[in-house]
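Colleague: Going line by line, the protein sequences match chains A and B.
Just so it is clear: in the first sequence, position 1 is 3 by our numbering, and no numbers are missing.
Just so it is clear: in the second sequence, position 226 is 617 by our numbering, and no numbers are missing.
Some clues are possibly wrong.
What the hints assert, rightly or not - Counterexamples of contact, computed for chain B against chain A with all Cβ distances above 12 angstroms:
1. 462
2. 642
3. 683
4. 782
5. 841
Unchecked claim - Calculated pairs, BS3-like style, for lysine-lysine (alpha carbon to alpha carbon, straight line, at most 27 angstroms):
6. 136(A) / 848(B)
7. 469(B) / 165(A)
8. 73(A) / 533(B)
9. 831(B) / 533(B)
10. 291(A) / 831(B)
11. 148(A) / 136(A)
12. 196(A) / 870(B)
13. 129(A) / 848(B)
14. 469(B) / 264(A)
15. 870(B) / 173(A)
16. 469(B) / 173(A)
17. 848(B) / 173(A)
Calculated from the structure, these hints are not laboratory results.
Note that the Cβ used here is the ideal one computed from N, Cα and C, for glycine as well.
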Amino acid sequence: MVASGNSSNRLRLSAPVYCACVALVTTLGVGVAMLLRPALAYSIRSVVGLEKPPQAAPGSFYTVRVAPLFKEHCIGCHGKSRHKAELRLDSLTGAMRGGKHGAVILAGNLKGSELVTRLTLPPGNDKAMPPSGKPPMSADEVTVIKLWIAAGASGALPVAAIKGAPAPVPKIEFPEIDEASVARARAPLAPMVKQLQARFPGVLSYESRSSADVQINASLLGRSFGDKEFAALASVRERIVWADLSGTSISDASALTLAECKHLRTLRLANTGVTDPTAQALMSLSALKSLTVVGTSLTESHLATLRSKGVRVYDGHETSSNSNATS
Amino acid sequence: MKTPRDLDVKIDEELQRQLLQAQTRRHFLQTCTSGLGALFLGAAAQKALSKDGGPPRLDFTRAPAQPLAALPPQFTAKARRVIYLHMAGAPSQLELFDHKPVLTQFDGKDCPASFMTGKRFAFITGIPKLMGTRFPFHQAGKSGAWISDRLPRLEKHIDDLCFIKSVHTDQFNHAPAQLLVQTGNARLGYPSLGSWVTYGLGTENQNLPGFIVLLSGGKTPDGGKQLWGSGFLPSVYQGVQCRSHGEPVLYLNNPPEISRPLRRRMLDAIDDINHQTHSNFGNPETISRIAQYEMAFRMQLDATDALDIRHEPAAMQALYGAKPGEASFANNCLVARRLAERDVRFIQLYHWGWDSHGDSEFYSLNVGFTDRCREIDQPIAALLADLKSRGMLDDTLVVWGGEFGRTSMRENRSGQQNPYAGRDHNPSAFTIWMAGGGVKGGMSYGETDDLGYEAVKDPVEIRDLHATMLYQLGFDHHKLNYPYQGLDQKLTGVKPARVVAQILA
């Protein structure tokens with residue numbers, strides 16, 4: 003009975019007023035939360051449609067230049083698995099939404115963007131990002147992010163729209179050598195390569211441990227290496243990418259065989275007896291990039307044709323940029 | 392009569408017997424716990440590795456008698472060989488390549504205190520004065536790179552050079568700093584860059600060493616022979632020092648009364664004994680020794696020819712400024728080209744005398760430094776031109792640099808300014824350049840501050856340089872390993888090293 007007595011003493015609210023009160027308190031609560039937690043405000047605004055979640059277009063400056071930097075330097079702590087300070091940088095939405103203390107990127111406002119502040123703090127500072135012990139962002143990388151924010155931090159702006167961005171750093175990767183696939187690629191000619199390696203020790207080798215292409219360095223054998231020997235090596239001609247035949251007794255008799263080394267990129271024929279028929283034969287080598295003919299009697303007209311096909315021809319004459327070296 | 396073979400066996404048996412006698416039951420029990428533990432751990436580790444496959448390791452084993460046999464690189468290489476021009480004593484970057492007009496404005500002013508705190512100097516004490524560059528700078532080539540007037544001939548090749556202006560080190564004395572540059576470690580006992588490269592790639596020309604060292608400037612660099620030592624790698628990978636005047640390799644030629652066949656018979660006899668020793672003791676260094684005798688025999692013909700610049704036409708000698716019979720940097724540059732042509736893998740030149748403190752005329756910027764510049768200017772220009780005209784600059788990586796930089800301050804000692812203009816050692820910034828070997832020509836990478844005192848933009852560690860050089864030679868620097876002291880040792884050590892991708896063509 004005590005309970006019923008208590009309830010009768012309480013202020014009685016009609017249902018609509020009660021509902022209105024609850025709604026007011028909730029709105030106030032959410033409002034305060036939104037004030038205190040800007041990230042929440044952002045989420046709520048985007049849920050009710052006030053904030054359009056930014057879209058990252060393929061080929062945009064963000065996708066091509068900025069996102070890879072976030073991926074490399076930031077998402078270990080601000081990504082899918084961990085989101086320190088409630089900040090996620092693994093999507094444009096996350097980046098624009100910000101973290102516990104609000105937006106970290108203010109479009110067009112470098113000074114106000116916390117992200118820029120953190121990236122540019124001196125390395126020893128507690129608040130500097132990436133934190134000490136992690137590889138720092140290079141000056142160029144920070145510049146890329148700054149340029150993007152200054153230009154409006156958009157996900158749509160194409161790469162070419164932002165001028166003056168430092169060139170991206172080529173990515174150096176060290177793929178593991180897939181021994182099985184290398185062995186497969188080498189298999190058709192492997193017995194032949196082995197046999198030739200035994201016959202010409204040190205002359206024939208694979209270009210690398212991850213390649214089935216071969217190179218031949220016959221210059222080590224000097225005059226004792228000639229057309230006959232080259233013909234023997236030519237059984238692997240489709241795999242030869244690099245050949246140094248300098249100082250050997252090779253002659254124009256090998257011209258046709260040379261012309262069949264379709265993948266030859268570099269050919270050195272210094273101090274050999276080859277003449278124009280060889281140069282003629284080389285015209286058909288579309289992969290040829292570099293040709294050395296120092297000490298041969300190839301005529302300039304043929305060499306000029308090769309040059310015009312994009313082959314760097316070295317004939318012992320100094321090229322234009324060093325023509326004054328002897329003066 | 393006892394043959395040497397009997398004697399060996401006797402010694403062997405005797406050692407075996409003594410060892411067994413030393414093993415008491417207590418001894419056995421004492422060691423067997425740790426021994427068994429080690430066995431277990433070894434087996435477990437092996438199993439764990441084989442189970443998840445582990446990263447495959449590169450195999451560098453070769454036939455014992457062919458320790459220098461060529462091996463393919465890990466990936467397609469941009470550079471096939473290296474010519475490293477080390478300027479021992481550390482040339483001033485502020486007088487050659489690092490143009491600092493602001494420093495010139497502050498010439499003669501007291502050095503800011505912030506420059507001195509936390510720094511150690513070889514000689515500077517008290518408050519030194521800032522000193523602007525002693526020589527005028529100008530821009531050159533299509534790239535517009537800045538260069539002083541000291542190297543007018545090298546300047547013609549400026550569009551082939553890639554300057555790294557933000558190299559820094561943590562060593563401020565010559566010997567450890569040279570060791571750091573050449574072995575990746577400031578302490579003794581580590582293999583040099585050339586040794587690592589020869590170990591990884593071997594050498595194609597079996598009639599010459601794979602790693603040759605040439606000295607000039609009148610003095611061995613402070614780091615000593617350890618700079619081209621093989622450290623814990625087999626000694627066959629150490630650099631072979633050749634002399635640039637007189638006999639290139641001492642005692643290489645047969646004395647007049649010894650004919651080549653007689654020498655061969657002698658070597659065969661030594662070979663026999665060495666093989667016996669090896670079968671008894673199994674020390675791989677014995678095989679190294681046999682291989683070295685054999686190489687010396689082959690070198691008697693080839694090295695003498697390769698190292699003799701009298702075989703070069705007079706015009707070529709004149710291009711380099713080389714004079715047969717002299718011990719000069721010019722001669723060494725010409726020899727370097729001859730060696731590169733013969734597929735020597737790593738050619739290391741040291742030119743001594745760059746330690747421009749200003750304490751004497753020789754070690755001054757006004758006199759000694761200028762002389763050194765004159766000594767290297769024409770030969771390096773000629774080397775680059777020569778390599779280029781022969782199509783060899785594309786696959787030869789040429790590196791030029793010292794072991795640290797020099798201070799933005801004029802050196803003073805105990806409050807007294809040195810009699811000549813000079814600068815103290817500065818580990819915080821120096822310039823190294825590379826050319827050829829797949830490196831971008833006509834570019835500068837990294838920057839120092841306005842006074843040229845510290846590397847501020849894109850700093851490059853010595854280990855980054857090493858990683859980059861190995862990359863150009865076709866290696867992931869993590870994978871060029873040698874197992875030693877329980878670790879897969881590598882040139883770049885344990886701290887993270889990066890390939891400086893920005894400078895690669």
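Colleague: Which earlier hints turn out false for this structure, listed by number in ascending order?
Modeller: Failing hints, ascending: 1, 4, 7 and 8.
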